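Engineer: Each chain, letter by letter, is given below.
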Amino acid sequence: MKRVGIVALNTFREAVRDRVLYNLVFFALLMMLAAVVVGQISIGIEESVIVSLGLSAISVIGLLISVFIGVALVSKEMEKRTLYALLAKPVRRWEFLLGKFGGLVLTLAVNIAAMAAGLFLVMLYVKHSLQQSDAVVLVAVYFIWLKLALIVALALMFSCFTTPLLAILFTAGLYIVGLYVQELRNLPVDVMSPAMAAFTKWLSYLLPNFENFNVMAMAAHGRAVPGRLILQNTLYAVIYCAIVLTGAAAVFSRKNLK
Amino acid sequence: MALLLVLILPLGFAGIWRLQHGIDSQLASVSQERDDVLLRSGKLVKWMSLEYSPLLADIYWTRVVQYYGNKHVRGQVNLEMLWPLLDVTTSLDPNLLVAYRFGAMFLSQAPPAGAGRPDQAVELIRRGIQANPDYWRLYEDLGFVYYFDLKDYQKASEAFLEGSKKPDAQVWMKIMAAKIAAEGESFSSSMFLWNDIYESSSDPLIKKNARQRMKLLKAQEDCKQLDALADEYAKRNGRRPARMSDLVQAGLLRGLPADPEGFAYVFGEDGKAELNLDSPLLEQQLLLERLNKAVPR
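Chains as they are written, first to last, in my numbering: chain R, 1 to 258; chain C, 1001 to 1297.
Honestly, the hints are just simulated from the structure, not real lab data.
This structure is a prediction, so every number in the text was calculated from the model and none was measured.
Glycine residues also receive a C-beta, built at the ideal position from the N, C-alpha and C atoms.
Hints may contain errors.
[As the list claims (entries may be wrong)] Heads up, incomplete: computed chain R residues facing chain C, CB under 8 Å, no partners named:
| no. | residue |
| --- | --- |
| 1 | 43 |
| 2 | 48 |
| 3 | 52 |
| 4 | 173 |
| 5 | 174 |
| 6 | 177 |
| 7 | 181 |
| 8 | 182 |
| 9 | 217 |
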């Protein structure tokens, strides 16, 4: 586990060196602009738009980092041939993968925490005071982080067996499909054959359901998220990540690196 | 090289700036204004918004405000894009209460204050109530539209009564329901409702409109009372008063009465009290009367 920690820490350092945290400047500017402009051009949404915009920005920035850096985690090491030097040391392949995953998830956590702090500062500026109901924004941020962890795991898995470009496409595609899993369940099963109906039903449970993590509307309107949902989503993300990373480790272990 | 850049960049952008102004004026001269809502299906827009529908709803709501504001400033009465924009906004975020509340106001009021479509306002508020059944203010808005715009006092009373049963509803909702059921339209009810709009809104445009309506209501009520005094004067003197000073001289008034803008009321050719020709309220009143006749209910 120590070896996993070392790889994770170095992945985090590498991300910081690669100026990944520069997005925070963009986020800060966007939020400041929104705080000033929205009140001038709209009616009655000054508070909710700050939350919607802030959470959307956190999600989009996080998505870009997760997909692009997630895919590059392994492929870049292979391209630069630094992976060979690393694997020559007493580090197992699955430990390398887990460390890479942990490092990027840590980077995302730091990034998201900084953006969340910025969001709360802007909320404080707009609302003049924070209430207990604003804690739901923290829950929404936590859910975004869980979602991003799952995306990193998927990106990592795809990058283990295909080219970086295809891995990006597969990850982005699966993310979009994962937002419409509920639609898959709502398909008119009456007009399908029983086999097809059963297939779509099973598929809808097998695919990662990213809509689970979407509580932006609740956060924007200050509605509480049930504690049970927080627990369920945490377990969902942990189990799904474990499955995907196991699959990734299995593929990576068998990969011919010559 | 650096010197060249320092020269070229400002000159180049200054040229672009001027050129764009020219292009804008050319385009304005050849094309008519178009208000387009390309995607009118709220469900489709929500489907396409991935997980960002709350943000998109805010953007659409801002479009509603901008569209309404621009039309209002230009004095244009054609607000046909208002409904599709509100439809998409509330489909994207069914809990965006402000879109139902102000959207219904924009839709229901007679032009130029609104689109003159109280039927759509009722549909919008009913949709809001379905998505937010415990929010009593939506029942207030529904009652408001029935009371002022549709003149359906029975339904207005029912809306206020239904809203009075919701959590946090204010006591006056129940009183208003009973009062409207008993009296229909009355000065005190109308004044109270507009005053509530004035007090509960922070938007300057809506506040201004509510204040204007309250001034007109006050003027209408004043004219009614002055007519009653003129009738009294006619009983006593066998002729109607020719001017307001006649009522003062007869001891029926202490001084010359003025409208909320400070202009003295006058008697018209028909002997009825009315606003002074110089009063800015007169234009508003005439406009409202004309539009109320023109807009089909």
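Engineer: It remains to establish, for every hint, whether it holds in the given structure.
Structural biologist: These are the hints, each one checked on the structure:
Checking residue 43 (chain R) against chain C by beta carbon gives a least distance of about 5 Å; that is within 8 Å, so the hint holds. With a cut of 8 Å, the hint placing residue 48 (chain R) at the interface with chain C holds, because the nearest CB-to-CB distance is about 7 Å. A distance limit of 8 Å between C-beta atoms decides the matter here; for residue 52 (chain R) the minimum to chain C is near 4 Å, and the interface restraint holds. Look at residue 173 (chain R): its Cβ only gets to about 13 Å from chain C, farther than 8 Å, so that hint breaks.
Restraint check, residue 174 (chain R) versus chain C: the minimum CB separation of about 13 Å is more than 8 Å; hint violated. A cut of 8 Å between beta carbons decides the hint on residue 177 (chain R): the least distance to chain C is about 11 Å, and the hint is violated. Hint on residue 181 (chain R) is violated. Least Cβ distance to chain C is approximately 12 Å, over the 8 Å limit. Taking 8 Å as the C-beta contact cut-off toward chain C, the hint placing residue 182 (chain R) at the interface is violated, the least distance being around 11 Å.
For the restraint placing residue 217 (chain R) at the interface with chain C, the shortest Cβ-Cβ distance is roughly 5 Å, inside the 8 Å limit, so the hint holds.
Hint compliance for this structure: hints 4, 5, 6, 7, 8 are not met, and every other hint is.
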